[in-house]
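Chains as they are written, first to last, in this note's numbering: chain A, 1 to 758; chain B, 1 to 402.
Any given hint could be a false lead.
As the list claims (entries may be wrong) - Using 30 Å as the maximum straight-line C-alpha spacing, the simulated DSS-like pairs for lysine-lysine come out as follows:
{"no.": "1", "chain 1": "A", "residue 1": "K132", "chain 2": "A", "residue 2": "K97"}
{"no.": "2", "chain 1": "A", "residue 1": "K210", "chain 2": "B", "residue 2": "K65"}
{"no.": "3", "chain 1": "A", "residue 1": "K150", "chain 2": "B", "residue 2": "K65"}
Stated by the list, open to error - For the chain B half of the interface with chain A, some residues (derived, Cβ under 8 Å), not all of them:
{"no.": "4", "residue": "L301"}
{"no.": "5", "residue": "L302"}
{"no.": "6", "residue": "S308"}
Calculated directly from the structure, the hints in this document are not laboratory data.
We put the beta carbon where it would ideally sit given N, CA and C, even for glycine.
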Amino acid sequence: MKRNSKNSGERPNKVLVSRTLFVASMCGIVAFVILGLQLFKVMIIQHSYYEEMAVDNQTKETTVSATRGAIYDRNGNVLALSASAENVFISPYEIDKYDEDIDLIADFLSELLDVDRQSIIDKAKDTEYWYKTIATAQPSEITDQIREFKEEYDIVGVHLEDTSKRYYPNENLACHVIGFTGSDGNGLDGIEYLYDDYLEGTDGSIVRLKTSDGSDMLFTNYEYYFDAQNGADVTLTLDSTIQYIVEKYLDQAIEDYQIQNGGCCIVMNAKTGEIYALASRGDYDLNNYLGLSDEVQAEIDKITDPDEKAEATKEAQAEQWRNMAISDTYEPGSVFKIMTLAMALEEGVVSESDSFYCGGSVDVLGRTSPVKCWRTTGHGSQTLAEAASNSCNVAFVNIGLRVGAETFYKYCEAFGLFDETGIDLTGEGSSIWWSEDVFCDENNLSQLAAASFGQTFNVTPIQMITAVAAACNGGYLLEPYVVKEITDEDGNVVYEKDRTVVRNVISEETSEAVCDILEQVVNGGTGSNAYVAGYRVGGKTGTTTKTTVEAETGTREYMVSFCAVAPTDDPEVVCLLVLDNPSKNSGIYISGGQMAAPVVGQILSEVLPYLGVEPIYTEEEMQYINVSMPYVKNMSVEEATAAIEDAGLKVKVVGDGNVVTEQLPAANAEVATGTEVVIYADSEKPTKTVTVPNLYGMTLSEAKAALDNQGLYIGISGTLPTNSSVVVQSQSVAKGTEVSYGSVISVTFVDQSKVGMY
Amino acid sequence: MDGRTYDRNEEYEQIDRDLERYNSSDKTLGGIDMPFFILTVLILTIGVIMVLSASFARAYIEDGKPAYYFIRQALFAIAGVAIMLMASRFPVAFYRRMSSLVLGIAIICLILVPFIGTTVNNATRWIDLGFTTFQPSEIAKLGVILFFASMICQFKDKMQDWRYGLVPFGVILVIICALLMLEPHFSACIIIIGVGAVMMFVGGTDIKWFVFGAVGVAAAAYIIIVVVGYNSSRIEAWLDPFSDPQGSGWQIIQSLLAVGSGGLTGLGLGKGRQKYLYLPEEHNDFIFAVFCEELGFIGALLILVLFSMLILRGYWIALKAKNRYGSLIAMGLTSLLAIQVILNIAVVTNLIPCTGISLPFFSYGGTALLVQLLEMGIILAVSREIPLKPRRRRKRDDGPTE
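Using the sequences and the hints given, assemble the complete structure.
Spelled out as C-alpha cells, the structure:
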C-alpha cells in the first residue's frame, strides 16, 4: 500500500492533468490566436500605412535639376541663360570616418575656389554632418579639377552636386526689366521674379533605396525616375539694340548734365504698348546684383561702423535695384499739356484757330496770387499750336478752365493716370492726385489751373508715356507689356500677349490734331532740340521744380523731361526721358527743352532708322545731313572720286598714283554732307594723333573750322544749325582726348535762342 | 513522509527505482516522438535560413562577410541537433537526479557573472568561454524547471499548503531574480518567474496565491511605472512609439514598419529592406519582424501554426508521460518555449512593451540555441518513456493494478 501510494505520487494526478490542459490551451492556442490577430492588424489592416512610411524612410531622392528657362529679347538675343554648374561640398562625417587628410583637402579647395582655408577646416570639425557647402555654382573647368584631385588622392569626403548658374551676357543692360535670381535659383526681381513659375520648370528626381546610413542598398531593384521638366523660355518685347541706344544716351546725359538722382527712359511701341526699351538709373550688373558701383562702394568703404556700413550697403543695393521708370512718381509738368490739349480738342472747347492771349500771368479763382507763365513778359496772342509750341502756361490754364474740373478729372482717369498701367513688371508705383471733391471745388480752381500744365500731382513715368501714347495713337489707352511670349522646352507657346486696349479715350481725328501740334512744338517751338533731320518728330518738354524738396531743404531741385512721338503722321514709337536733379554746374540751362529734348532727339535719330522708318529730307535738311563715306581703296582715282562725289562729299587727292591706297575718313564713317574727304594715291596717310578741341557753344562753321584745324571731320545731329543761336551742346568724343588723325567727331546742336523753364 | 523539508534520500530512492524500471523495460519503451522532433527540426531550419536573410546586410556592411552569422548559426544548429538526440537517449530519472546540480551550477554562475562576465550595453550577462559566450540565465531556466519538478514530486499533495507549495519555490525564484537584476537582465526574470509560476500552478499550489500574485504584480507595476516613473520611456514608446521616433520609439517603429510593410505575401525571402541598419537586432530579437516583412502575413501565420503545433505537441507529451516528473519537466520546458515565443512576437508587433526576448530557433545566438535544443531533447526523452499501445492493452488485460 505504501509502495502503491508512492507510485500514485509518481503518476500524473488529476490536478496536474487538468491544470496542464489549462496551460496548454492558454500557451498553445489562446496566446497564438491573439498574436495572429495582432499580426493581422499590423500586416493587413495597417499595411499601407506602414508600407508608405517604410518606403518614405528607406528611399532617398536624388534631385535632377530642371534647367531654368532663358530670357530672350524680341529678336531672339539672349538676355539671361542658365548653364549647368556644380556645388562643392564636403562631408565631415566621411572625412572623419575614412581618416582623410583635411589639411590636404583644405589646401587644395581654398586655393582652387578662393575660399578661406580655415573656414574649410572649421566646417570639417562638425563630424556628425554629411553636408557642408564650400562653394556654389562652379563651372566645369573648376569641378573637373576637383574630380581629378579626388581620384589622385582617393578622397571620398569631397562631393559635387549638379546645379545651375544664371548668366546675363549683357551685364547691366535692361537690368531692371530682367531682374535676377538668388543663390537658390529662384527669381527675386523683374521678369525673373514675376515669371518664375514659367522659368523655373519642375525638378525631376531619382528615388532609390538606401540603408540607414545613407548608402545604396544591395540586391534591390527599387528605383523610380521622374523626368525633370525644364523651364520655359521667355521672349520679351524688349529690343536689345534699342535698349542699348537708350542706355548709351541716358548714361551720356547723366554725365553731361551731372544728374544727381538718376533718370529713366522708356521707348514704347505707340500702337501696341510693347516696351522696346526701359532703362532706369542707377543700375547694376545682373551677374553681381549685390555689387555696387565703384563710386558708391568707395563712399560706403569710408564708413567705419560695421552696422552702419551694412545698413548703407543695403540702402545702396535697394537704390540700384529700384526701377524709377515704373516705381517712382514725379510731377510731369508741361509734358502733361499734351493731355490737356487732347481733352480740350476732344471736348470741342478749343479749336486750332482759337486765339489765346498771354500777358505773363492769369488770375485764378481760389488763388491769392496769379498763375505766372514761365515767360513772365508773356507770349502775347497765340494760336492753339503756338500756345503749345511756346508751352504757354497762361494759355493752358485757360484751356483747362474751359474743359472744366469734372471733365478734366474724368479724362485724367480715362488716360489711365489714376490706376496702375498693369505692366508686367514688379514694383509699379501709384500716382498721387487730389480727390475728386477737392479738385472739382467750384470755389477753388487752383488745382485745375495747376493741373492744366502738369503740376501739383504725381504720376509714374510709365503712366505718363502710356497716356501720351493714347493721345497720339488714335486714342487707345493700351496696357504696356514686356513679355511677348513664353514657350516651353518643346516649343509650345504657353503664354502669349498681344495689344491690349484698356479703353478708347479720344477720337482718331483729335489724336491726329494732337500729333500735328506736337510736331510744331519740335519744328521751331520749345521742343526744337529734339529735332531729327528727315523724320517727323513731335514732342513736349517738361520742367518742374520739386516744391516739397525745396520746402524741406531750401535747395531747388529740378526734374526735366521730354516726351516724343514719331513719326507724327503715323506714330510708331513714343519715347519719354526723365532726368532727376541736374546740376547747375553743368553749364547747361536747366530745362526739359535744353537737356532732355536733345537726348530724345539723339535716341530717335538712331531708333527710327533701326525700326526701318524711311527718312524724308527737306531741301534745307539736305544741307545738314550726314552721309556715309564709301569704301574706295584699290579703286582707280577716277572711280573713287566719282563714288565719293555721288555720296555728296568733296574729294581731295594726295599723291600722284592711279590707284587709291588709303582714305580718310574710314569707310562707313558718318560725316556731314559736303565735307572734303581725302584719298591717297600711292601716298601715306598721316598716322599721328591729334587732340579733340572743345566745341561747346560753337556754331556749325566755327566747329567745322576747329575740327578742320586738327585734321578731324564733323558729323552733325540735333537741331538744324540754320542760324547762329544753334550751337554745339555735346560732342561724341570729349575735349582733350587724343584721337587718330582723320577721325569723325559727331556733334549735337541745340537752339539756345529760346531757353526757358518749359 | 511527514517531514516538511525536501528529503534527498527518499528522492534518490525513487530515482533508483525509476532507473531500475527503465533499464528492465527497455523493450517496452517507444521511440522519440516523431511529430515533435520533425516540427523542431523544421522550425530550426527555417530559423537558420532567416538568420542568413536577416543578417547578411549588417554582416556585409560591418565586416564584408555576409554569411558570417549564418555559418556560425548553422554550425551551432547541427551541433544542437546532435545534443538534442543525445539528450533524448537519457532516462528521465537521470535528469531528475541532475536537477539540483544544474540549479546549483546556474546559481554559482549567476553569482560569478558580475565578477567575470562580459559587459555589453551596460548589462553583464555573458560568460566568455573563449570560443563562444553563454548566458547563465539560460542554465537557470533549465535548472528551475528540473528542480521545481523534483520538489513538486516530493511534496505531492502538500503542495496545497503554502509552506510547501509557495515558500520553497518563492525563495528560489527570489534568489535567482535578485542575481539576474544585478546584471541586470529583466527579461530573463520575467521568463523565469513565468515558467516557475506555471510549474507551481500545474504542481498544485493553491489558486489563491496566483490571484494574490497577480494582484501584487499589478500593484507593484503600477507603483513602479506610474508613481516612481521607472522605465517610463519604454512604456511611452509602447503606448505611442511616434512620440520619440528617433529615440525610445526607434526600435519599435522600425519593427512595425518591417512587419507592416510585409502585407499579405511579403517582399520575398531576402528582399526585406528594414534589415539595412534600420532595424536594430534584426538577426536577433527582431528577426521575426524581418520574417514578416519578407514572407508576409501568410508566412507569419505559418510560423505561428508551426510553433503552436510544436507547443501543443509538447503538452501532449507531458500529458501522456508515464510518470509525474517527466510530465512536469515536459510541461515546464514546453511552457518555457511558449513563453519566449509569445513574448518575442508580442514585442515585435508592439502588443507589449519592448524587452529583449529572443525567438527560439530563430534568433542568432549559439549557446542559447544549444540549450534550447537540449531542452527539446529532454522533452523527447520524456516522450521515449511514454508506454506503447500494446503495453496499454496488456495493462487492461492485467486488470486494475491498484
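Hints versus structure:
Restraint check for K132(A) and K97(A): satisfied, since their Cα atoms lie roughly 16 Å apart, inside the 30 Å limit. Between K210(A) and K65(B), the direct Cα distance comes to roughly 20 Å. Compliance with the 30 Å bound is thereby established for this hinted pair. Our distance criterion of 30 Å between C-alpha atoms is met by K150(A) and K65(B), whose separation comes to about 28 Å. A hinted interface residue such as L301(B) counts as satisfied when its beta carbon comes closer than 8 Å to some beta carbon of chain A; here the least separation is about 6 Å, so the hint holds.
Contact between L302(B) and chain A, as hinted, is not supported at the beta carbon level, the nearest pair being about 11 Å apart and thus beyond 8 Å. Given hint, S308(B) at the interface with chain A, holds; its Cβ is 4 Å from that chain's nearest Cβ, closer than 8 Å.
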